[in-house]
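K.L.:
Listed below are the residues making up each chain.
Protein chains: 2
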Amino acid sequence: MAQELGAHMTEETECMIDRDAGRKPGSGQCSGNVKEMRAVMLSGFGGLNKLRVTKKLMPEPQRGEVKIRVKACGLNFLDLMVRQGTIDSPPKPPLVPGFECCGIVESVGENTERFEIGDRVMAFANYNAWAEVVCTPEEFVYKLPDEMSFAEAAAFALNFVAAYMMLFEVANLREGMSVLVHSAGGAVGQAVAQLCSTLPNVTVFGVASSSKHSAIRDSVTHLFDRNTDYIQEVKKISPEGIDIVLDCLCGENTGKGLSLLKPLGTYILYGASNMVTGETKSLFSFAKSWWQVEKVNPIKLYEENKVMAGFSLPNLLFKQGRSALVESVMDKLLCLYNQEKIKPVVDSLWALEEVKEAMQRIHDRGNIGKLILDVEKSPTPLMASDSTETSEAGEEEEEAEGDNDSKERMPFIH
Amino acid sequence: MAQELGAHMTEETECMIDRDAGRKPGSGQCSGNVKEMRAVMLSGFGGLNKLRVTKKLMPEPQRGEVKIRVKACGLNFLDLMVRQGTIDSPPKPPLVPGFECCGIVESVGENTERFEIGDRVMAFANYNAWAEVVCTPEEFVYKLPDEMSFAEAAAFALNFVAAYMMLFEVANLREGMSVLVHSAGGAVGQAVAQLCSTLPNVTVFGVASSSKHSAIRDSVTHLFDRNTDYIQEVKKISPEGIDIVLDCLCGENTGKGLSLLKPLGTYILYGASNMVTGETKSLFSFAKSWWQVEKVNPIKLYEENKVMAGFSLPNLLFKQGRSALVESVMDKLLCLYNQEKIKPVVDSLWALEEVKEAMQRIHDRGNIGKLILDVEKSPTPLMASDSTETSEAGEEEEEAEGDNDSKERMPFIH
Numbered sequence: 041m042a043q044e045l046g047a048h049m050t051e052e053t054e055c056m057i058d059r060d061a062g063r064k065p066g067s068g069q070c071s072g073n074v075k076e077m078r079a080v081m082l083s084g085f086g087g088l089n090k091l092r093v094t095k096k097l098m099p100e101p102q103r104g105e106v107k108i109r110v111k112a113c114g115l116n117f118l119d120l121m122v123r124q125g126t127i128d129s130p131p132k133p134p135l136v137p138g139f140e141c142c143g144i145v146e147s148v149g150e151n152t153e154r155f156e157i158g159d160r161v162m163a164f165a166n167y168n169a170w171a172e173v174v175c176t177p178e179e180f181v182y183k184l185p186d187e188m189s190f191a192e193a194a195a196f197a198l199n200f201v202a203a204y205m206m207l208f209e210v211a212n213l214r215e216g217m218s219v220l221v222h223s224a225g226g227a228v229g230q231a232v233a234q235l236c237s238t239l240p241n242v243t244v245f246g247v248a249s250s251s252k253h254s255a256i257r258d259s260v261t262h263l264f265d266r267n268t269d270y271i272q273e274v275k276k277i278s279p280e281g282i283d284i285v286l287d288c289l290c291g292e293n294t295g296k297g298l299s300l301l302k303p304l305g306t307y308i309l310y311g312a313s314n315m316v317t318g319e320t321k322s323l324f325s326f327a328k329s330w331w332q333v334e335k336v337n338p339i340k341l342y343e344e345n346k347v348m349a350g351f352s353l354p355n356l357l358f359k360q361g362r363s364a365l366v367e368s369v370m371d372k373l374l375c376l377y378n379q380e381k382i383k384p385v386v387d388s389l390w391a392l393e394e395v396k397e398a399m400q401r402i403h404d405r406g407n408i409g410k411l412i413l414d415v416e417k418s419p420t421p422l423m424a425s426d427s428t429e430t431s432e433a434g435e436e437e438e439e440a441e442g443d444n445d446s447k448e449r450m451p452f453i454h
Numbered sequence: 041m042a043q044e045l046g047a048h049m050t051e052e053t054e055c056m057i058d059r060d061a062g063r064k065p066g067s068g069q070c071s072g073n074v075k076e077m078r079a080v081m082l083s084g085f086g087g088l089n090k091l092r093v094t095k096k097l098m099p100e101p102q103r104g105e106v107k108i109r110v111k112a113c114g115l116n117f118l119d120l121m122v123r124q125g126t127i128d129s130p131p132k133p134p135l136v137p138g139f140e141c142c143g144i145v146e147s148v149g150e151n152t153e154r155f156e157i158g159d160r161v162m163a164f165a166n167y168n169a170w171a172e173v174v175c176t177p178e179e180f181v182y183k184l185p186d187e188m189s190f191a192e193a194a195a196f197a198l199n200f201v202a203a204y205m206m207l208f209e210v211a212n213l214r215e216g217m218s219v220l221v222h223s224a225g226g227a228v229g230q231a232v233a234q235l236c237s238t239l240p241n242v243t244v245f246g247v248a249s250s251s252k253h254s255a256i257r258d259s260v261t262h263l264f265d266r267n268t269d270y271i272q273e274v275k276k277i278s279p280e281g282i283d284i285v286l287d288c289l290c291g292e293n294t295g296k297g298l299s300l301l302k303p304l305g306t307y308i309l310y311g312a313s314n315m316v317t318g319e320t321k322s323l324f325s326f327a328k329s330w331w332q333v334e335k336v337n338p339i340k341l342y343e344e345n346k347v348m349a350g351f352s353l354p355n356l357l358f359k360q361g362r363s364a365l366v367e368s369v370m371d372k373l374l375c376l377y378n379q380e381k382i383k384p385v386v387d388s389l390w391a392l393e394e395v396k397e398a399m400q401r402i403h404d405r406g407n408i409g410k411l412i413l414d415v416e417k418s419p420t421p422l423m424a425s426d427s428t429e430t431s432e433a434g435e436e437e438e439e440a441e442g443d444n445d446s447k448e449r450m451p452f453i454h
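First to last, the sequence lines map onto chains A and B.
Throughout the first sequence, residue numbering follows this note's numbering, covering 41 to 454 in sequence.
Throughout the second sequence, residue numbering follows this note's numbering, covering 41 to 454 in sequence.
Any given hint might turn out to be false.
No copy labels: a pair is met if it fits in one copy or bridges any two.
Said to hold, decoys possible - In silico DSBU-like cross-links for lysine-lysine, where the CA-CA straight-line distance does not exceed 35 Å: (1) K335 to K75; (2) K276 to K132; (3) K132 to K275; (4) K302 to K132; (5) K340 to K132; (6) K90 to K340; (7) K275 to K90; (8) K340 to K75; (9) K276 to K417; (10) K183 to K335; (11) K359 to K302; (12) K183 to K383; (13) K359 to K372; (14) K132 to K183; (15) K417 to K296; (16) K275 to K372; (17) K417 to K302; (18) K359 to K276; (19) K75 to K372; (20) K90 to K75; (21) K340 to K296; (22) K302 to K75; (23) K90 to K383; (24) K275 to K335; (25) K132 to K417; (26) K183 to K296; (27) K183 to K276; (28) K275 to K417.
Keep in mind the hints are simulated off the structure, nothing from the lab.
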């Protein structure tokens with residue numbers, strides 16, 4: 041596959057391109073037949089200093105693939121976990137992160153049928169999405185409605201598909217039910233809230249930092265501060281429990297979530313952001329966190345009539361081959377979008393070169409809705425006092441050891 | 041509640057009635073105003089010798105209850121677990137077992153609306169169902185279709201409601217899916233197979249003892265011997281996995297069941313019959329088995345996109361107050377029955393006095409479909425060589441210490 045081409049590029053080649061990059065800033069093409077592109081590169085697992093924008097050979101579509109000239113990419117919490125290496129079986133760095141993008145079809149490989157050059161599309165990619173050009177199998181590509189902007193498209197696919205599949209495929213959301221969502225202010229949380237509003241009389245309990253409350257109050261029925269004992273608050277309002285609990289935190293929240301369920305209710309773990317801490321640098325941290333998670337006895341579920349589920353859209357798409365199902369879900373979602381029943385919430389747009397600042401923002405859970413990497417955006421010049429790395433605990437020391445960050449970025453400013 | 045009246049009867053009263061029973065076999069009424077009834081009594085947790093038929097004061101319906109003159113009762117594997125004390129928080133014996141019965145409404149308590157004297161009904165009861173008369177809250181009572189015999193009715197409620205709710209409420213069975221059911225020859229297994237056949241193109245994988253294969257071969261798509269490595273056989277036929285796995289065994293079957301699931305597939309534990317062994321006598325056995333069950337890490341479900349659920353209809357009805365939902369399920373099931381799409385499979389009918397033989401049969405997994413206690417049936421006279429207790433390992437010794445079984449039964453023969 042084309043994606044692997046980039047990941048397996050030798051370090052020597054990469055250095056050569058990096059040297060070129062200084063002489064031809066912003067250029068997408070070298071002299072001769074060698075085509076290049078800008079991409080975000082993760083040099084190894086760890087802190088923000090492991091990320092930089094570099095030049096890479098531009099991929100060409102292989103059999104069954106579509107080549108997309110990228111306009112914007114989605115940044116997800118999962119990308120932060122990739123950077124820290126806190127995911128299961130991570131690929132070997134250096135690698136280009138990113139699981140979703142949107143743009144314009146530039147060419148198609150053999151044996152593709154559904155796309156033509158010039159089509160506006162959004163797409164999933166198994167890494168390599170944070171680049172000017174992405175090649176990905178046709179089965180992961182979807183046409184955009186005319187009304188959908190590229191910023192909206194970059195905020196759409198992963199979060200709305202995940203929210204829809206959890207509510208309607210894993211659980212069975214119906215009129216009159218109740219849903220609790222952690223991180224109600226995040227992109228998935230906002231998608232969940234919108235999808236719940238497409239059915240009559242669904243009660244949404246949201247948990248979010250109090251700083252986000254004024255911005256998202258209208259999107260949910262009841263809103264709780266993450267730092268309060270929201271379990272007790274929810275039980276006061278709904279003593280009989282909740283039908284669906286969506287948890288992206290893991291850890292002790294699994295037990296809490298299960299305890300909140302009504303009989304026949306469904307708890308879904310769709311992320312493990314509690315595994316990410318400022319200190320997490322070790323490659324063993326994933327395994328360590330795994331063992332710290334409280335395991336659940338199936339007999340407890342039997343006695344309590346409860347359902348415990350896990351949902352990972354990247355695994356479903358890239359490891360488990362369920363792209364046809366995801367496509368049918370995307371059809372339903374685009375129908376809801378065209379009916380103006382759902383609309384992605386965009387938090388902010390960032391240049392590729394601002395990926396560290398963007399990642400810091402999602403680490404600090406400062407975002408309301410989706411963070412977008414806008415490939416055509418120029419980075420905002422750094423202010424003298426600007427320092428975004430200090431709030432991610434433990435970064436500072438390593439930053440000092442790392443490359444000089446601004447030198448890397450300079451070629452792409454202006 | 042009326043049920044508790046019987047359970048709290050003093051031992052002295054019980055002995056008096058037992059002495060009476062010898063003089064007035066089969067009589068439902070004493071002299072004066074004291075009404076009596078026959079009932080199966082469990083004197084303590086343990087072997088078959090803990091069961092006997094005795095006389096008890098007949099309950100009268102309390103507010104909201106319906107009094108049923110019982111024709112037949114369902115015998116379930118759960119009743120065997122009750123006898124052994126291998127359920128969670130069992131009530132204190134002596135008690136009358138039984139969770140379902142059918143018959144004719146004899147009277148109704150205050151504040152009931154839906155039933156009239158003479159109505160043919162089936163009902164759930166929170167214990168006390170194995171008796172000539174049962175009083176149970178109106179919410180657990182359902183009218184019978186004219187075409188449904190009492191034997192069918194006693195085989196219908198618990199198994200079909202459980203099968204339906206697992207397939208359509210907990211999981212989301214749809215056209216083209218695949219289902220694996222352990223104990224395919226049992227009453228739930230047969231109900232599952234029939235309900236799967238109401239949708240197009242559902243593949244049913246059944247596991248059963250080879251002795252049952254000829255009888256149930258037509259009810260499932262693929263049939264496997266319990267003693268073979270059926271996991272490998274299933275994987276050969278369906279390498280991509282199964283959509284729904286229904287497990288009533290627990291123990292190591294949980295891991296096996298989860299491993300067989302497709303992504304987004306659902307494993308449902310609806311019983312724990314592996315907790316029942318011939319040797320199980322200890323009151324601590326439930327707790328011991330609980331800790332021996334392999335617990336499941338929610339992160340594993342997340343990575344594999346799997347759903348693990350538990351389902352206990354008695355808990356749903358009697359502890360968790362979901363009778364309204366069960367009633368709506370019963371409406372759908374009676375509709376399917378009237379359309380002749382489902383029909384309960386009756387294994388055999390037994391007199392109350394034959395409860396030990398019936399329980400031995402379900403313990404040995406000899407039944408195909410449902411075991412029924414027929415309240416109006418006279419027990420078949422024992423043959424000289426008849427001994428059903430020896431095959432339940434470990435019973436013999438205790439039987440020798442126990443009451444003389446045949447003496448207990450004699451009053452009710454002829």
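K.L.:
Tell me, please, which holds for K275 and K417 at an alpha-carbon limit of 35 Å: within, between, both or neither?
P.N.:
This pair counts as neither: shortest intra-copy Cα distance 46 Å, inter-copy 51 Å.
K.L.:
For the identical chains here, do K183 and K383 meet the 35 Å Cα criterion within one copy, between copies, both, or neither?
P.N.:
Result: close within a single copy only, 16 Å intra versus 49 Å inter.
K.L.:
When no copy is named, should K359 and K302 be tagged within, between, both, or neither for a Cα gap of at most 35 Å?
P.N.:
Both ways: K359 and K302 sit 32 Å apart in one copy and 12 Å across, limit 35 Å.
K.L.:
Evaluate K340 and K75 at a C-alpha cut-off of 35 Å and name the case that applies: within, between, both or neither.
P.N.:
For K340 and K75, neither the intra-copy (58 Å) nor the inter-copy (42 Å) Cα distance is at most 35 Å.
K.L.:
Please sort K340 with K296 into within, between, both or neither, judging by C-alpha distance up to 35 Å.
P.N.:
Both. Shortest intra-copy (14 Å) and inter-copy (18 Å) distances satisfy the 35 Å Cα cut-off.
K.L.:
Classify it for me, K75 with K372: is the Cα-Cα distance of at most 35 Å met within a copy, between copies, both or neither?
P.N.:
Close neither inside one copy (38 Å) nor across copies (64 Å); limit 35 Å.
K.L.:
Evaluate K417 and K302 at a C-alpha cut-off of 35 Å and name the case that applies: within, between, both or neither.
P.N.:
Close neither inside one copy (47 Å) nor across copies (42 Å); limit 35 Å.
K.L.:
Please sort K90 with K340 into within, between, both or neither, judging by C-alpha distance up to 35 Å.
P.N.:
Only across copies: K90 and K340 sit 28 Å apart there, 43 Å inside one copy, limit 35 Å.
K.L.:
Tell me, please, which holds for K183 and K276 at an alpha-carbon limit of 35 Å: within, between, both or neither?
P.N.:
neither (45 Å within a copy, 38 Å between copies)
K.L.:
Go through the copies and call it for K359 and K276: within, between, both or neither, with a Cα cutoff of 35 Å.
P.N.:
Between copies only: 20 Å across chains, 42 Å inside a chain, cut-off 35 Å.
K.L.:
Please sort K275 with K372 into within, between, both or neither, judging by C-alpha distance up to 35 Å.
P.N.:
Cα proximity of K275 and K372: in one copy and across copies (34 Å, 32 Å).
K.L.:
One pair to classify: K90 and K383, alpha carbons no more than 35 Å apart. Within, between, both, or neither?
P.N.:
Intra 34 Å, inter 65 Å, cutoff 35 Å: intra-copy only.
The earlier numbered hints that this structure contradicts are 1, 7, 8, 9, 10, 15, 17, 19, 22, 26, 27, 28.
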